[in-house]
Amino acid sequence: MNRYVKYLLLIVVIGLVAYKSVYVKKLSGMKVATDEKFDAFAFSKKLWEEKLPAKLDSSVELTKFIKVAQANPPDAFSKYTNALGIGNYRYALIKAEGIVTVINDDDITLQVKLGDSLMTAKIATEFIYGNAIRDASGLVDVKDFPKTMDLNNISEELNKVVRKSLLPPFKAAVRKGDKVIVTGAIEIHKEHIKWNELEIIPVQLQIVQ
Amino acid sequence: MPYFLLLLSCFFIQCKSKSSAEKKHKVAIVVSTLNNPWFVFLANTAAEKAKSLGYDAKIFDSQNNTALESDHFENIIVAGFEAILFNSTDADGSVANVLKAKVAGIPVFCMDREINSNTAATSQILSDSYSGSVAIAKYFTQQLNKKGNYVEILGIVGDNNTWARSKGFHSVVDNYPELKMVAQQSADFDRNKAMEVMESILQAHPDIDAVFCGNDGMAMGAYQALVSSGKADKVKVFGFDGAEDVITAINENKVAATGMQFPKVMAETAAQFADEYIKGRRDFPQKIPVAVELVTFKNIQDYIAYGKK
Numbered sequence: 000m001n002r003y004v005k006y007l008l009l010i011v012v013i014g015l016v017a018y019k020s021v022y023v024k025k026l027s028g029m030k031v032a033t034d035e036k037f038d039a040f041a042f043s044k045k046l047w048e049e050k051l052p053a054k055l056d057s058s059v060e061l062t063k064f065i066k067v068a069q070a071n072p073p074d075a076f077s078k079y080t081n082a083l084g085i086g087n088y089r090y091a092l093i094k095a096e097g098i099v100t101v102i103n104d105d106d107i108t109l110q111v112k113l114g115d116s117l118m119t120a121k122i123a124t125e126f127i128y129g130n131a132i133r134d135a136s137g138l139v140d141v142k143d144f145p146k147t148m149d150l151n152n153i154s155e156e157l158n159k160v161v162r163k164s165l166l167p168p169f170k171a172a173v174r175k176g177d178k179v180i181v182t183g184a185i186e187i188h189k190e191h192i193k194w195n196e197l198e199i200i201p202v203q204l205q206i207v208q
Numbered sequence: 000m001p002y003f004l005l006l007l008s009c010f011f012i013q014c015k016s017k018s019s020a021e022k023k024h025k026v027a028i029v030v031s032t033l034n035n036p037w038f039v040f041l042a043n044t045a046a047e048k049a050k051s052l053g054y055d056a057k058i059f060d061s062q063n064n065t066a067l068e069s070d071h072f073e074n075i076i077v078a079g080f081e082a083i084l085f086n087s088t089d090a091d092g093s094v095a096n097v098l099k100a101k102v103a104g105i106p107v108f109c110m111d112r113e114i115n116s117n118t119a120a121t122s123q124i125l126s127d128s129y130s131g132s133v134a135i136a137k138y139f140t141q142q143l144n145k146k147g148n149y150v151e152i153l154g155i156v157g158d159n160n161t162w163a164r165s166k167g168f169h170s171v172v173d174n175y176p177e178l179k180m181v182a183q184q185s186a187d188f189d190r191n192k193a194m195e196v197m198e199s200i201l202q203a204h205p206d207i208d209a210v211f212c213g214n215d216g217m218a219m220g221a222y223q224a225l226v227s228s229g230k231a232d233k234v235k236v237f238g239f240d241g242a243e244d245v246i247t248a249i250n251e252n253k254v255a256a257t258g259m260q261f262p263k264v265m266a267e268t269a270a271q272f273a274d275e276y277i278k279g280r281r282d283f284p285q286k287i288p289v290a291v292e293l294v295t296f297k298n299i300q301d302y303i304a305y306g307k308k
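Just so you know, the protein sequences line up as chains A and B, in that order. Every letter in the first sequence is one number past the one before it in numbering that gives the first Met the number 0, and letter 115, counting from 1, is 114. Every letter in the second sequence is one number past the one before it in numbering that gives the first Met the number 0, and letter 13, counting from 1, is 12.
These are calculated hints, taken from the structure and not from any lab test. Just so you know, not all the hints are guaranteed correct.
[What the hints assert, rightly or not] No more than 25 Å apart at the CA atoms, straight line, and that leaves these computed lysine-lysine pairs for DSS-like:
| # | chain 1 | residue 1 | chain 2 | residue 2 |
| --- | --- | --- | --- | --- |
| 1 | B | Lys146 | A | Lys121 |
| 2 | B | Lys297 | A | Lys189 |
| 3 | B | Lys146 | B | Lys253 |
| 4 | B | Lys297 | A | Lys121 |
[Claimed, not checked] Among chain B residues calculated to face chain A with C-beta under 8 Å, some are:
| # | residue |
| --- | --- |
| 5 | Ala103 |
| 6 | Asp127 |
| 7 | Lys137 |
| 8 | Thr268 |
| 9 | Gln285 |
| 10 | Pro288 |
| 11 | Val289 |
| 12 | Ala290 |
Virtual Cβ for every residue (Gly too), placed ideally from N, Cα, C.
Using the sequences and the hints given, assemble the complete structure.
Take a look at the structure:
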């Protein structure tokens, strides 16, 4: 009898040890825990809806930016531009008002007053790609994103909003001779500034009747 | 006697401090291959910058071989180098080597090529390959008027830059359904392989309008194949790097565009970071993107090989 009790106790002990040693979890649950993917769509939507409007309100007038940049480039770059990485490209959020002189498949040309003279600037209406909006906003810090692809995906999502929501109704409505107010991002090469080739990636567009 | 011993010990202390003052700190530069002028430039620039900061610098060539790279790391750890400026052979395969150095207390600063770990290297200074390819793809689409058949020649499939460039490129061109990729093949970032790959693709797909290559060496290989088949004037070639022969080819209207990387900026930043680490700094961003610039016939006058004028 004692022998059976001994065996029984032994089985109970082994069973307890085995039970405490092995944990069973759902594979799907483990996948969620180890593969925490950054939701670029949600992040960009929040940025676009909640943080970007305030930045747009404080964007610099294009003509003012040009004047400062022509007089003192380092001052203009430090005051009005931003970039996530190292390099020659800087990005600024600007506001401009002008008359539509040309409408192309890929862009429209605005004639903008620059003091006593006139200058032209293009609003991109087709090729909305790259990091202009993300970097110009100054709302994304490279230190918060150790995965490079997450940063790329933020740009992609912001650009998608422009391509899919902002531009279609604008392109359908805009006519030559219209007065347009645009707020958007520009890319400037610090070493080779070409003011006559400025391209604005729009974030807000308004046709003034 | 005690005075004599004191004098003797002072003498030894002085000798020791003199020898340690004379002993230079050592920095290792481990580069994926020295069989490509771009990486030779990267390695030499890193070595020059390290020397200018007062270090002994030694270059190790991994010959695109992770096992050889591993041997280099073991030798570097044993030899007492204080920092490693690193250009990896494989995004996954190189992580173990970087971790070995980390365990040995040696900081590793990656240059140009990313490794698939956010904790192994002290910092990674990387070309923004994705964004550079986005800029190339935009120009590519404009040059082809949004339609045509094209070929993509990829780099080493285990290298993150290969996929960052490809993904950046496709993030634009895939939005244009009339742009059709008829072939996509790897040529391992190698000029000769790219020529062979392009020759064989041309046999199957003689009617193409453009070829996008993951680096300039492959772009030149593809261009040679196009010259041999008499199609060089019809097919537009796009590269990535900013290497000397492609800059010359863009100037002569033989190659349509490239993405200019700045190996000097990456190498010098990595050496500077290593110096700062050795002097006590510890707060480095894990990844720093270095902008890639689009170079075409229109702005070629602003650039020289591996950088801007």
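Verification of the hints:
no., hint, in the structure
1, B:Lys146 x A:Lys121, "holds (24 Å)"
2, B:Lys297 x A:Lys189, "holds (17 Å)"
3, B:Lys146 x B:Lys253, "holds (21 Å)"
4, B:Lys297 x A:Lys121, "holds (18 Å)"
5, Ala103, "violated (23 Å)"
6, Asp127, "holds (6 Å)"
7, Lys137, "holds (5 Å)"
8, Thr268, "holds (7 Å)"
9, Gln285, "holds (4 Å)"
10, Pro288, "holds (3 Å)"
11, Val289, "holds (5 Å)"
12, Ala290, "holds (3 Å)"
Comparing the model with each numbered hint stated earlier shows that hint 5 is the single one that does not hold.
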